[in-house]
Amino acid sequence: MIDWQSVLSDAATAAEQVLGRQWPAVADSATTQIAALVENAKFIEDNRSGMTDLEYRATKINQQRALEGVLTGFSAISIVVAEQVAAAVWDVVESALKTVPELAAFI
Amino acid sequence: MEAMACCPEGGIVKIGCQAGLRSILMVVTALALARCAPGPAYDEQIDKSLSDVQHTVDLEILNLISLNRQVQQLSASAKRLSAAPEAQSKKALVKVEGDLSKAQDAMSYASNVDFYNGVDSDLTSVQMRLDGTPDLSTPKIDGSFAQLKAILVDFPAQGETPTSMQAVHAQQDRLSDGFLKSTRAQANALFGTLERYELTLKNGKSTPK
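Which chain is which? The protein sequence lines are A and B, in order.
If you count the first sequence from 1, position 20 lands on 20 in this note's numbering, and the numbers rise without skipping.
If you count the second sequence from 1, position 42 lands on 42 in this note's numbering, and the numbers rise without skipping.
Derived lysine-lysine pairs resembling DSS-like cross-links, with alpha carbons at most 27 Å apart: (1) A:LYS60 to B:LYS149; (2) B:LYS90 to B:LYS102; (3) B:LYS149 to A:LYS42; (4) B:LYS181 to B:LYS149; (5) A:LYS60 to B:LYS140; (6) A:LYS42 to B:LYS181; (7) B:LYS181 to A:LYS60.
Example chain B residues on the side facing chain A (calculated, C-beta under 8 Å, incomplete): (8) SER144; (9) ALA150; (10) SER176; (11) LYS181; (12) SER182; (13) LEU194; (14) THR200.
Simulated from the structure, these hints should not be mistaken for lab results.
For each residue, glycine too, the CB sits at the ideal point set by N, CA and C.
Same shape as in the complex, but just chain A (with noise of 0.2 Å):
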């Protein structure tokens, strides 16, 4: 009997050692794609006599790769969130420096 609220858990843990802690929104819109995939790997068993071999190993592989291409998609956007806090820092940081005229001519 397969623990699915188990697997669910270990899945997110999993996702958040990969796209790290810095990005607590990044980490729960990725996590709520990863519960649809794990809801669908539990649909994809209990369904497996409605299916012929074919679309079952067809099905198993390409929930390999729907969690491989959520993850790659959200290590996406943490490099653009990075980005983008890299860029509001810089505008802060413009903005002070440009207050001091030994440096003005710098930026």
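Place chain B on chain A using the hints.
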């Protein structure tokens, strides 16, 4: 703390306590270099196109599931009518068998090739547009596109087992409800991720420099 520098007229001069200023300049330079990376910009066209492709795929899967149900109901009706002796039943059977044939034809691979070609083309167009302003995130988001295409439309290499929705459909000429619903969940998880990427760009209002 003092620093030394070469004087343009020759010799060496002591600059004075400018270590703090140098540190600030180093930070400024590093931040400026980080800021100069253009990165992807939010593109409303990409956002809309992604949403349109997701809707097309979702609708197609739901249509195929409906056709499966229709075929099951019509098959059951045909079986019942063919067992009934009344002449009226025979007339009804002809109609049911006609409807059944149409439904089976509609769910065949040949009748749905245009859908698969359209999705393949649309996903490629969106990805190309996104790759137009690449940054560090681009190879990773390309990876998500690759997985989505592998799930929906890719054909296997010679001798390999088909796995995508299109390849399995081409092999079997029909798809079961279970496979369709599972594929729908997998595709929507990836579409959701790609749309979240676009939303992140939109919220950050990243614009190329």
